[in-house]
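2 protein chains.
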Amino acid sequence: MADHFADRLSKAIQDKGTCATVGLDPVYSKLPKQIIERKDLNDEMDLPAAMDAVFEFCTRVMRVVSPLVPAIKMNSAFFEKYYWEGVENYYSLIQEADALGLEVIGDVKRGDIGTTAAAYAESHVKNCEFMDMEDTISPDAITINGFAGLDGIKPFSEAALEQGKGIFVWVRASNPSAGVLQDFTDAHGKRYFEHLAEQVATLACEPQYMGQSGLSNIGMVIGGTTAEQTQQLREQYPHIIFLVPGYGAQGAGAEDCVKFCRTGGDGALVSASRSIIYAFNDPKYIEQFGDDWEKCIGQATLDMKQQLADALAAKV
Amino acid sequence: MADHFADRLSKAIQDKGTCATVGLDPVYSKLPKQIIERKDLNDEMDLPAAMDAVFEFCTRVMRVVSPLVPAIKMNSAFFEKYYWEGVENYYSLIQEADALGLEVIGDVKRGDIGTTAAAYAESHVKNCEFMDMEDTISPDAITINGFAGLDGIKPFSEAALEQGKGIFVWVRASNPSAGVLQDFTDAHGKRYFEHLAEQVATLACEPQYMGQSGLSNIGMVIGGTTAEQTQQLREQYPHIIFLVPGYGAQGAGAEDCVKFCRTGGDGALVSASRSIIYAFNDPKYIEQFGDDWEKCIGQATLDMKQQLADALAAKV
Chain Z
1 MADHFADRLS KAIQDKGTCA TVGLDPVYSK LPKQIIERKD LNDEMDLPAA
51 MDAVFEFCTR VMRVVSPLVP AIKMNSAFFE KYYWEGVENY YSLIQEADAL
101 GLEVIGDVKR GDIGTTAAAY AESHVKNCEF MDMEDTISPD AITINGFAGL
151 DGIKPFSEAA LEQGKGIFVW VRASNPSAGV LQDFTDAHGK RYFEHLAEQV
201 ATLACEPQYM GQSGLSNIGM VIGGTTAEQT QQLREQYPHI IFLVPGYGAQ
251 GAGAEDCVKF CRTGGDGALV SASRSIIYAF NDPKYIEQFG DDWEKCIGQA
301 TLDMKQQLAD ALAAKV
Chain B
1001 MADHFADRLS KAIQDKGTCA TVGLDPVYSK LPKQIIERKD LNDEMDLPAA
1051 MDAVFEFCTR VMRVVSPLVP AIKMNSAFFE KYYWEGVENY YSLIQEADAL
1101 GLEVIGDVKR GDIGTTAAAY AESHVKNCEF MDMEDTISPD AITINGFAGL
1151 DGIKPFSEAA LEQGKGIFVW VRASNPSAGV LQDFTDAHGK RYFEHLAEQV
1201 ATLACEPQYM GQSGLSNIGM VIGGTTAEQT QQLREQYPHI IFLVPGYGAQ
1251 GAGAEDCVKF CRTGGDGALV SASRSIIYAF NDPKYIEQFG DDWEKCIGQA
1301 TLDMKQQLAD ALAAKV
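Those protein sequences? They're chains Z and B, same order as listed. The first sequence begins at 1 in the working numbering and counts up by one. The second sequence begins at 1001 in the working numbering and counts up by one.
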């Protein structure tokens, strides 16, 4: 295992031949009926049963996609909604993912001022140091919210660097109302998200954060549907890895998303959640694989890889 | 219990005669030696022992301050650092606080786009609906990060309204680097935090969010050290409750903090953490109370109340 997150991720992207990333946003009611109709798992209001169903689903999704993609993105909100049991499951799934050789992005969007940011970094970035809990590890990278500025970012970036991990600062979101705040523009035409990106990039390019791949372990989250506003960031910040959510169900296409890749295809992770993990509801895949839900997910992942590869080839 | 958060809070402020709020940011190594030197609690690297020590400390602090203040603010980061056991403790302490009649602010700073924000609201705003977990409740209000704009705020505000709870959107932070991003200014001289406040206030003043107190259940977090930049928000947004952290250890004084109160003394919660919960390290209180750490905390709380009352009287 390379000891710099960006180098490790670049190698994983090269090995798997794709920057496609699968997002785990599990919702009980949407899980395959083969799981939620099982007697021991068939009660959404029974926390342990619901949690076991989610855990089984996520584990099986990861087994399907781990030979195909370099990374998964786990959306913390969908585990936190199951209280402390959900949080325990989140950490258990990180171990599973790690054992499968996946890079794990913890999508936690934490952010606060210095001392509080440092407390968040303890469990979200650093690996566990409590007695008898040595198996508990944190994700390879997490998403953070940089609202507090560099004081709030550094506790995360410093902890990450120390442990060969990474962070992605949320710079431009993909939802409809995001632009109202994030495109707020100064007298020189600079938008808020560009100003934020500048702050992040200045820190990211400090030599200690740079890997041999020429990429920093401090990256940025940029919604895939925002390429029109944000694609210039790729050229502007050659050392940055972009985490690009929104592919598929949220409406971002392959052409837009690969704009954030470097020429060789690395430098970005393009993430799709619902369009992959619920592919077994898509008539296109049902027709091919019937109710073999894992095959549906596998094929949807292969299709996404192909679409990204085609778009990347067309771009060069 | 009034069914609107702002009304309930206003009444609590009136009953206790203060807007002082105690922040729980517990750090094991800073706990009173009477707790951490106890044999069963005396190992910081033993998660259950450390957690029990934190729980005992927080419970005892709440018992001391609950007759004195209307609310406590629990900083999630300092519980999350103890993994799922910390999260379980966070919820247990909310129950304790509720039983003591305190309003509980969960300082979680969550924020994301719509579907993810809705998932966060499930456990952070709504009370628990899982079987056999009816005792598990969420805080009376939480802090959120509004970076995604109204799409990301509404899932929280709607869930809060439904359950007689509140949210505080983080608008201006108190840390040194916060201004670099938050004071980013447009061509008309409007700063980013003002633009964000405008968005929040527009939603907050929709009639369904307004209580009989004339205050909305959607408030704003404004760092107490920023009064110079932010005090005009009080006049500008008469319907907003301001959560004002930073009193004491972070350097905000009473005169600055009460600028966010309405004339009657409500409309704001002024929060102090370290200067209260570690008052037993302050020579001033040691001299008075020796190693009776609970009396030190109680006196520090009374002193804070007096300082705020004096400042409020001087303001009118």
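Calculated directly from the structure, the hints in this document are not laboratory data. Errors might be hidden in some of the hints.
Said to hold, decoys possible - The calculated BS3-like cross-link candidates involving lysine-lysine, where the alpha carbons are at most 30 Å apart (straight line), are: (1) Z/K30 <-> B/K1126; (2) B/K1190 <-> Z/K154; (3) Z/K190 <-> B/K1126; (4) B/K1126 <-> Z/K39; (5) B/K1016 <-> B/K1039; (6) B/K1154 <-> Z/K30; (7) B/K1039 <-> Z/K154; (8) Z/K126 <-> B/K1016; (9) Z/K126 <-> B/K1033; (10) Z/K126 <-> B/K1190.
Claimed, not checked - Computed Cβ-Cβ distance ranges for the label pairs, DEER-style: (11) Z/Q212 <-> B/Q1232: 27 to 33 Å; (12) B/G1264 <-> Z/L100: 58 to 64 Å; (13) B/Q1232 <-> Z/E235: 36 to 42 Å.
Said to hold, decoys possible - Every beta carbon over 12 Å from chain Z, so not counted as near; a handful from chain B, in silico: (14) D1025; (15) E1088; (16) D1132.
Where is the CB? At the ideal position from N, CA and C, for every residue including glycine.
Say whether it holds or is violated: B/D1025 keeps its Cβ farther than 12 Å from all Cβ of chain Z.
7 Å, violated
Would the hint linking B/K1154 and Z/K30 be met if the CA-CA limit is 30 Å?
23 Å, holds
Is Z/K30 close enough to B/K1126, meaning Cα to Cα at most 30 Å?
Measuring from Cα to Cα gives roughly 21 Å; hence the hint holds.
Pair hint outcome, B/K1039 versus Z/K154 [Cα-Cα no greater than 30 Å]:
Violated: B/K1039 and Z/K154 sit about 36 Å apart, past 30 Å.
When you check the alpha-carbon spacing of Z/K126 and B/K1033, does it fall within 30 Å?
27 Å, holds
Outcome of range test on Cβ distance (B/G1264, Z/L100; 58 to 64 Å):
60 Å, holds
30 Å limit on alpha-carbon distance, applied to hinted pair B/K1016 and B/K1039
Roughly 37 Å between the alpha carbons, so the hint for B/K1016 and B/K1039 is violated.
Given the hint that Z/K126 pairs with B/K1190, test it: the Cα-Cα distance must not exceed 30 Å.
39 Å, violated
Does the Cβ-Cβ separation between B/Q1232 and Z/E235 fall within 36 to 42 Å?
40 Å, holds
Quickly compare the C-alpha distance for Z/K190 and B/K1126 to 30 Å and report which way the hint goes.
The given pair, whose Cα atoms are some 39 Å apart, is violated under the 30 Å limit.
Is the claim that B/E1088 lies outside the interface with chain Z correct, judged by CB distances over 12 Å?
At roughly 4 Å from the nearest Cβ of chain Z, B/E1088 sits no farther out than 12 Å, so the non-interface label is violated.
For the pair supplied as a hint, B/K1126 and Z/K39, confirm whether the alpha-carbon distance does not exceed 30 Å.
Holds, at about 28 Å.
Of the numbered hints stated above, those contradicted by the structure are hints 3, 5, 7, 8, 10, 11, 14, 15, 16, listed in ascending order.
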